Amino acid sequence: MEILKVENLCKVYGKDSNQVQALNDISFSVEKGEFVAVIGQSGSGKSTLLHLIGGVDKPTSGHIFVDGQDVYKKNKEQLAIFRRRQVGLIYQFYNLIPVLNVVENMTLPLKLDGQKINHARVNELLEVLGLADRKQHLPSQLSGGQQQRVSIGRALINAPALVLADEPTGNLDSKSSQEIMELLKYSNKKYKQTLIVITHDENIALQADRIIRIADGKIVSDEKTY
Amino acid sequence: MWNAYSAGYIKNNKTGNRFIMTISFLAAMMLSLVSGLFYNLWADQVKQTAAKSGTAGVEFTPVVIAYIVIFTLACLALIMMIHHAFAATMTNRIHQLGILQSIGATPRQIKSALVNEVVVLSLPAVIAGNIVGIGLCWAVMAFIIDSTANLRDYTLTFTYHPIVFIGSFVFSMLTAAISAWIPARKLSRIAPLEAIRYGNEPVVKKVKKYRIHSAVFGIYGALARKSLFVRRKAMRVGTMSIFLAVFACISILNMLGVSGLSTQKTYFDRYKNNWDFLVTVKGDTYSKDLLNVIRNTEDIAGCIVHRIVNSDTKIPADLLSADVQKLGLENLSSSFAVSEADAYNTKVPIFILDDKSFAEYHGEANDANVVAVNIIWDSVNSERTDRRYIPFLNESKEIVLNINGKDISVSAFGDALPVLREELTQYALTLVMSESHYASLGFDLVAEEIVYTLKMTDESKNDVLEEKLRGLLETYPDYAFESRMQELADELQIQQGLRMIVYLFTGILTCIGLVNIFASTLGQIHQRKREFARYFAVGLTPKGAAKILAREAAIVAFRPILLTIAVNIPLMAVMLDAGGISADDFIAQRMPLLPALLLFAAVTGFVALAYYLGGKKICNMNLIEAIRDDTLSM
Chain A
1 MEILKVENLC KVYGKDSNQV QALNDISFSV EKGEFVAVIG QSGSGKSTLL HLIGGVDKPT
61 SGHIFVDGQD VYKKNKEQLA IFRRRQVGLI YQFYNLIPVL NVVENMTLPL KLDGQKINHA
121 RVNELLEVLG LADRKQHLPS QLSGGQQQRV SIGRALINAP ALVLADEPTG NLDSKSSQEI
181 MELLKYSNKK YKQTLIVITH DENIALQADR IIRIADGKIV SDEKTY
Chain B
1 MWNAYSAGYI KNNKTGNRFI MTISFLAAMM LSLVSGLFYN LWADQVKQTA AKSGTAGVEF
61 TPVVIAYIVI FTLACLALIM MIHHAFAATM TNRIHQLGIL QSIGATPRQI KSALVNEVVV
121 LSLPAVIAGN IVGIGLCWAV MAFIIDSTAN LRDYTLTFTY HPIVFIGSFV FSMLTAAISA
181 WIPARKLSRI APLEAIRYGN EPVVKKVKKY RIHSAVFGIY GALARKSLFV RRKAMRVGTM
241 SIFLAVFACI SILNMLGVSG LSTQKTYFDR YKNNWDFLVT VKGDTYSKDL LNVIRNTEDI
301 AGCIVHRIVN SDTKIPADLL SADVQKLGLE NLSSSFAVSE ADAYNTKVPI FILDDKSFAE
361 YHGEANDANV VAVNIIWDSV NSERTDRRYI PFLNESKEIV LNINGKDISV SAFGDALPVL
421 REELTQYALT LVMSESHYAS LGFDLVAEEI VYTLKMTDES KNDVLEEKLR GLLETYPDYA
481 FESRMQELAD ELQIQQGLRM IVYLFTGILT CIGLVNIFAS TLGQIHQRKR EFARYFAVGL
541 TPKGAAKILA REAAIVAFRP ILLTIAVNIP LMAVMLDAGG ISADDFIAQR MPLLPALLLF
601 AAVTGFVALA YYLGGKKICN MNLIEAIRDD TLSM
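So the sequences go chain by chain: A and B. Last residue of the first sequence: 226 (our numbering), numbering continuous. Last residue of the second sequence: 634 (our numbering), numbering continuous.
For reference, chain A alone in the conformation it holds in the complex (with noise of 0.2 Å):
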């Protein structure tokens, strides 16, 4: 079942002479519960991609579709509630709010929905990222690995139909770098999350059924990995 389809998208940044063309003429799709690796250079046009799949910018031609939707026809506040509930965005920086502890971070999209807080689907998340000690800890009593497993809670506690992730072990170390992705190859087996995973790193791409290969805002190459 296809999950996202993304027709002929073109990104255009600047003006006149300053123009850059960050992504020319993409088309691709994804299938409900893949787990697809988007690699290329650094200004090759992956983060755009992932940006302009998780609503937060806006293509300048082209079509993308969650679930048979399309994305840019909804206007600031349907974005946000699409944002909201059919995406799981993952930062490098994790994104998380200061002010708010970890349980409160990760049910914070909930909260905004007005949705009542399932705590049996919480505390199996928290233990599943091994959290579960760290409830009541703000982000800055966290290492950068713990913070990342909030963020990737945060992202999961909705079960959106896509969770996206912006080079999510681009800031840390190699062993919890190969934490997180165990956790996220775990979600996408356990929880049949579609995943999209934007990296430079080609050992992390292996891991991931299919990778997009992306060069000068161009797909060169779209191949599974097994």
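Worth flagging that the hints you see were computed from the coordinates, not collected in a lab. Just so you know, not all the hints are guaranteed correct.
Dumping the calculated EDC-like pairs for lysine to aspartate or glutamate here, alpha-carbon to alpha-carbon at most 16 Å [what the hints assert, rightly or not]: (1) B:Lys-547 / A:Glu-77; (2) B:Lys-461 / B:Glu-298; (3) B:Lys-547 / A:Asp-25; (4) B:Lys-356 / B:Asp-367; (5) A:Lys-175 / A:Asp-201; (6) B:Lys-543 / A:Asp-201; (7) A:Lys-32 / A:Glu-2; (8) B:Lys-543 / A:Asp-113; (9) B:Lys-468 / B:Asp-458; (10) A:Lys-5 / A:Asp-25; (11) B:Lys-455 / B:Glu-298; (12) A:Lys-58 / B:Asp-458; (13) B:Lys-265 / B:Glu-625; (14) A:Lys-218 / A:Asp-25; (15) B:Lys-347 / B:Asp-312.
Everything numeric in this text was worked out from a predicted model, so none of it was measured.
Position chain B relative to chain A; hints supplied.
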């Protein structure tokens, strides 16, 4: 450093420059206004002291101390305001300055660059602010001079000294320069990489739970409250100034209202039917001619002349009334000392009235010549605010008192003084007698002054009569003239003047507070954009952002208001109770509802505006750029 960095920064950062210049201008203007006002009030005190004592210098009276305290507080608040405004903009640049440091700029170079920037940006704004402040000071003083003209017997003029200008200018510039040094000093303590990565945002180490707040106002309220908690230092001057302004203004206005109402009830209302004019003449004998002329003046309804001489006597216990004997005179007041032979020492004020007035007081037909005002406050069984009186002496007995070595027989009893301004002296036996009878006693007791108490037929004749009476009195050199209606007008004007001073300082403090709120909502906009970018990234809608900001604004604006109301309700209850004033009377006549509502509306409105402008910038930000910012890391 200037050419390499600062000149370009100033050129390309017009919004930031405007902000710094506006804050500098406002702070310098208010500092100049406050300093100018203080100087004028100080100069007035010097002049008054010189007029009274003939010596130069100022006596440190409560008023002067109040001026100094208010001036110092206002200056500190303004200095903090400049400091916070600069600190807010400078802290936003630590990241940038870290980059400069990483490419080899020394802390000294950075410090001098920042100070140079501040001087270039603030200098014209501070000079302009100081000049406008002098203008405002002149306008405020003109208003004070005009509105207090009737209350002074000397001329008050606007004065200014260059030292005031220099003082407020130096303070403004010095504070701005110090505020620029602080981030530079911070920078010299942290490694360049840390400055680049962490500089823009303070690390949150502890946050209160705010469980009740979260339960009542939901996730948006909780985020707003926690955000305010984290930024409490930057907000402190703003919130404290607003709280002080609202609290001091409402509390002082309430107190003025209670005291005004109390004066109204205990003085003006009480004496409305007692007297209209009082003429007090030094000496012990009154002029029958003057009395006749006054009584024959058109529109004068009556005139009583009286003087008071003070004496004492011993009252034998068996002459006391049954009620007093039962309670025990010594239980009513310790001023009644038991003397030998079971008698009490008692003060005896004697009211001596002109013959006609005495006859009218006791009744023309009665031939009594000494009347004892035979009541005493039962302080054992009644409160000060609701007094019960009982008879002092036993009226069925023949009362003969030995006063000043002579026996005086009390021929009648009364339960009130003649209709005069004087109140009945507590715990004393007051006697009333006529001038003729007093003269026949041959006492050598002397009164200090004679008082003519006048009533007029119609209040509308007040001004005409006052002029006439003053004309009559021209030939009497040593007299004091009082007009009840003029006193009432003066009292109202004094209250109005006091209210004006309260409004002025409330205005200044509110401005300081609001400017700080604007500084913290707009001056720290980069930090706030990053904060909200995180919320947007997890699905906060623009409406949700508006809810958070609205709750924040509500906390900032309503907290001082609610605290003020919470403190003022019990405070007023105590004051009204002490003054014997009913809450209904206070609410209907003196509660400062309109000024309070206007102040609340101004605070709420401007805080809402500050948050609206900040919110607009936040909601229109480029989310992708805010998210990309690598300083988002913790």
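The hints, checked one at a time:
1. A C-alpha spacing of about 13 Å is found between B:Lys-547 and A:Glu-77, which places the hinted pair at or below 16 Å, so the restraint holds.
2. Between B:Lys-461 and B:Glu-298 the alpha-carbon distance is near 10 Å, which keeps this suggested pair within the 16 Å criterion.
3. Pair hint B:Lys-547 plus A:Asp-25 does not hold up; C-alpha atoms about 39 Å apart against a cutoff of 16 Å.
4. For the suggested pair B:Lys-356 and B:Asp-367, the alpha carbons sit about 13 Å apart, so the restraint of at most 16 Å is met.
5. For the suggested pair A:Lys-175 and A:Asp-201, the alpha carbons sit about 15 Å apart, so the restraint of at most 16 Å is met.
6. Between B:Lys-543 and A:Asp-201 the CA atoms are separated by roughly 39 Å; this puts the pair beyond 16 Å, and the hint is violated.
7. Only pairs whose Cα atoms come within 16 Å are accepted, and A:Lys-32 paired with A:Glu-2 is accepted, the gap being roughly 6 Å.
8. Among the hinted pairs, B:Lys-543 with A:Asp-113 is consistent with the structure: their alpha-carbon atoms are about 12 Å apart, no more than 16 Å.
9. Taking the CA atoms of B:Lys-468 and B:Asp-458, the gap is near 15 Å; set against the 16 Å cutoff, the hint holds.
10. Restraint check: the Cα-Cα separation between A:Lys-5 and A:Asp-25 comes to about 13 Å, which is no more than 16 Å; the hinted pair holds.
11. Our distance criterion of 16 Å between C-alpha atoms is met by B:Lys-455 and B:Glu-298, whose separation comes to about 11 Å.
12. Among the hinted pairs, A:Lys-58 with B:Asp-458 is inconsistent with the structure: their alpha-carbon atoms are about 83 Å apart, more than 16 Å.
13. At most 16 Å may separate the alpha-carbon atoms for a hinted pair to count; B:Lys-265 and B:Glu-625 exceed this at roughly 68 Å.
14. For the given pair, A:Lys-218 sits about 7 Å from A:Asp-25 by alpha-carbon distance, which is consistent with the 16 Å threshold.
15. A C-alpha spacing of about 4 Å is found between B:Lys-347 and B:Asp-312, which places the hinted pair at or below 16 Å, so the restraint holds.
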